[in-house]
Amino acid sequence: MTRIAVLDADKCKVKKCDRPCVSFCPMVRSRVEAIRIEGNKAVISEMLCSGCGICVKKCPFKAISIVNLPDELEKDCSHRFSANSFKLFRLPTPSPGTVLGLLGQNGIGKTTTLKILSGEFKPNLGKYDNPPEWDEIIQYYRGSTLQDYFQRMRQNSLKVAHKPQYVDKIPQAVSGKVGDLLEKVNERKLLDKLAVELELEKVWDRDLNVLSGGELQRVAVAAALSREADVYLFDEPSSYLDVKQRLTVAKAIRSLKDYGKIIIVAEHDLAIIDYLSDQICVFYGEPTVYGVVSHVHGVRTGINIYLQGLIPDENILFRREAIVFHEKPPTTTASGGETLLKWGKIEKTFEGFKLTAQPGEIRRGEIIGILGPNGIGKTTFVKILAGLEQPDDQQKLSELTVSYKPQYIAAEYEGTVQELLMSVAKENYTSSWYKTEIITPLKVQPLLDRNVAELSGGELQKVAIVACLSRKADLFLLDEPSAYLDVEERLNMAKTIRRVVEAHSIPAFVVEHDVVTQDFIADSLMVFTGEPGVKGEANPPVSLRNGMNMFLREMNVTFRRDSVTRRPRVNKEGSKMDTFQKDIGEYYYTKTKPETTKK
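Numbering that gives the first Met the number 0 puts the first residue of the sequence shown at 0, with every later residue one more than the last.
Be aware that one or more of the hints could be misleading.
What the hints assert, rightly or not - Subject to a maximum C-alpha distance of 27 Å in a straight line, what follows is the list of computed DSSO-like cross-link-like pairs (lysine-lysine): (1) K74 to K126; (2) K183 to K158; (3) K344 to K395; (4) K341 to K353; (5) K56 to K40; (6) K434 to K10; (7) K250 to K575; (8) K581 to K243.
What the hints assert, rightly or not - Simulated DEER-style distance windows between Cβ atoms: (9) R141 to G297: 22 to 28 Å; (10) D167 to K344: 32 to 38 Å; (11) L387 to R498: 23 to 29 Å; (12) W203 to D167: 18 to 24 Å; (13) E186 to V209: 25 to 31 Å; (14) S431 to D204: 55 to 61 Å; (15) K571 to D204: 34 to 40 Å; (16) R470 to D448: 19 to 25 Å; (17) P59 to E186: 50 to 56 Å; (18) P358 to P59: 53 to 59 Å; (19) E198 to E350: 19 to 25 Å; (20) Q389 to E198: 26 to 32 Å; (21) E350 to P59: 52 to 58 Å; (22) C51 to L189: 55 to 61 Å.
Hints listed in this document are in silico derivations from the structure and should not be mistaken for laboratory results.
Every residue, glycine too, gets a C-beta built ideally from N, C-alpha and C.
Start from the sequences, fold in the hints, and give me the full structure.
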C-alpha cells in the first residue's frame with residue numbers, strides 16, 4: 000500500500016493550536032517520529048506514518064490529508080512538487096491530428112499536466128529531492144508516445160504554444176495595444192482571419208489593461224493560434240465567454256487538426272469539451288492531494304465515464320453516485336405555483352446602449368434561466384430586478400426582498416467565511432437542514448475558518464452562492480454562478496439552487512452561459528437578442544424547450560441527448576443529426592431520428 004500524506008501549508012497554523020497532530024499520533028507516542036514540527040509547519044514522514052488518520056481528525060484547521068493507494072500506482076508517479084504536497088500519477092498521451100480533452104475537478108492536476116507538456120518544468124517522477132535528468136525521464140517513458148515527445152523537447156525541436164488558465168493576469172505580465180502584440184506573434188499569417196472570427200476588431204487599438212475578461216480570453220486564444228507550433232495547449236479557453244463565443248473559439252481550435260498538430264484542451268464546460276475533443280482523459284483522485292490520469296477514451300465514452308464515476312478498463316470507482324440528467328428538469332412546482340412577480344415593458348438607456356425587456360412573470364418555485372451573448376443587457380436586467388438600477392420611467396418593479404449574487408465578486412468582507420455566513424443566515428445557520436442542503440453539497444465546510452480575503456476565485460464563488468441562498472428573501476438573483484467552478488461543482492451548485500427553490504417556493508433568475516448547467520437547472524428561459532454593446536431585447540419567459548430552440552437557432556447550433564446519461568451533446572456542424580434537426584426545426588433535442596437509407 001502506497002501512502003500519501005499532504006499538508007496544506009496555508010491552513011497549517013501551529014502557533015494557534017496545541018499541536019494535536021503530534022501529541023495524538025500513535026507512532027510519536029511509540030517514540031517513532033512520524034510527524035514533527037519544523038519552523039511554523041508540521042512535517043509528516045510517509046514512510047513512518049501508520050495511516051491511522053488520527054491527525055486528520057484532530058487537526059483543527061483541516062490541514063492534513065492521508066490517503067492509501069495501491070502499490071502499483073507508485074511506479075506511475077510523474078510529478079511531485081515537494082514533501083507533503085500534491086502528487087500526480089501518469090500523463091496524457093499526445094497524438095497528432097486529434098484534440099485531446101482533459102476533464103476533471105479543480106486541483107486534480109490538469110494545469111500541472113499542461114505545464115509539464117509545455118516545458119515549463121520537467122516531470123520529476125516523484126523525486127522532488129533529487130530531480131532526474133532528461134536521460135532518466137526519457138528512459139522512464141520508453142515505448143510510449145511521450146518518449147519521442149520529451150526527446151524532442153530535450154533537443155529544443157518541439158515548439159509549444161500555451162494559452163494559460165488565468166487570462167485576467169495577462170496585463171500584469173504584458174503591456175501594450177492588442178493589435179501590436181498580436182502582430183508580433185503572427186507566425187502563421189492568419190491574424191486577419193482570426194481577428195474577424197474572434198471579433199477582435201473593436202478592441203484592436205485598446206490597451207490590454209482596459210479589456211474585460213472575455214476580451215482578454217479571445218486575445219489570448221488568438222495569440223496561441225497565431226504562433227507556428229507543433230503542440231497547442233489550451234487551459235480553460237471558454238472562461239468569461241458567452242455561448243456563441245465559446246463555439247467560435249472551439250471551431251478555431253479544432254481547425255488546427257487540418258495541419259496535423261497536437262492539441263490538448265482542459266475545459267469544464269461539458270458541451271464545449273464534447274464539441275471540441277476527439278478523445279478524453281479523465282482526471283480522478285482527491286483535489287489538492289493526488290490526481291490520476293486515466294487512459295485515453297473516445298469523447299462520448301470519456302465524458303460518460305466521468306459522469307458515472309466508473310472507469311471499466313481500470314476497475315476504478317471514483318464517485319459514489321452517478322450524475323444523471325433528465326429529459327426535462329422537474330417543473331411540477333413551477334407550473335402550478337402562484338405568480339409572485341409580474342413586470343411590464345422595461346426600458347433602460349445608457350450612452351450608446353439601450354435595453355428593452357418585454358412583459359413577463361415568474362411563479363413561486365420557478366427557476367428562469369437567462370441566456371444571451373455578452374454585452375446584451377442580461378446583468379442590467381438583473382440589476383433592475385435587484386433595485387440597483389432604475390428603468391427609464393424610474394418606477395420600482397416591486398416591494399419584494401431580493402437576494403442578489405453579482406457577476407463579479409470582490410472579497411470586501413473583513414472576517415472569516417463562518418462570520419460572513421452567520422451574519423446573513425442568522426438563525427438558519429444552526430439548523431441541520433442548512434448544513435446538509437447548502438453547506439455540505441457545495442463543500443464550503445473546509446472554508447469556514449478561512450478569511451474571505453484569502454479565497455481563490457472558485458472558493459469565493461461558492462461562498463457567494465451560499466450567502467445568496469442563505470438570506471431571507473422573496474426572490475433569488477444569481478449572475479453567472481458557474482464561473483471558476485469545475486463540472487462537478489457546477490452540477491452540485493445547480494442541484495443546491497433547485498433544492499432551496501423547491502423547498503421554500505422562492506423563485507430564482509439565473510444568468511448562465513453553460514448550456515449544460517442551464518439545461519440542468521432551468522424550468523423556463525428568457526432569451527436576450529439584439530446587437531451586443533448597442534441594443535438588447537429581453538424576450539418573455541418561455542418553456543425550456545422553446546427557449547433553447549430560440550437561442551440555438553440564433554447560434555445555428557443543434558443539440559441531441561446522450562442515450563446513457565441524457566446530457567445535452569452538441570452536434571458536429573454538417574453532421575447527419577445536425578442537418579436533420581435543422582430541417583425539422585428542433586435545435587434543442589428530438590426523440591425522432593433521421594431515416595437511414597438502405598443500400
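Verification of the supplied hints:
| no. | hint | in the structure |
| --- | --- | --- |
| 1 | K74 to K126 | holds, 12 Å |
| 2 | K183 to K158 | holds, 17 Å |
| 3 | K344 to K395 | holds, 13 Å |
| 4 | K341 to K353 | holds, 21 Å |
| 5 | K56 to K40 | holds, 17 Å |
| 6 | K434 to K10 | holds, 22 Å |
| 7 | K250 to K575 | holds, 18 Å |
| 8 | K581 to K243 | holds, 17 Å |
| 9 | R141 to G297: 22 to 28 Å | holds, 27 Å |
| 10 | D167 to K344: 32 to 38 Å | holds, 37 Å |
| 11 | L387 to R498: 23 to 29 Å | holds, 27 Å |
| 12 | W203 to D167: 18 to 24 Å | holds, 20 Å |
| 13 | E186 to V209: 25 to 31 Å | holds, 26 Å |
| 14 | S431 to D204: 55 to 61 Å | holds, 58 Å |
| 15 | K571 to D204: 34 to 40 Å | holds, 36 Å |
| 16 | R470 to D448: 19 to 25 Å | holds, 22 Å |
| 17 | P59 to E186: 50 to 56 Å | holds, 54 Å |
| 18 | P358 to P59: 53 to 59 Å | holds, 55 Å |
| 19 | E198 to E350: 19 to 25 Å | holds, 21 Å |
| 20 | Q389 to E198: 26 to 32 Å | holds, 31 Å |
| 21 | E350 to P59: 52 to 58 Å | holds, 54 Å |
| 22 | C51 to L189: 55 to 61 Å | holds, 59 Å |
In this structure, every one of the numbered hints holds.
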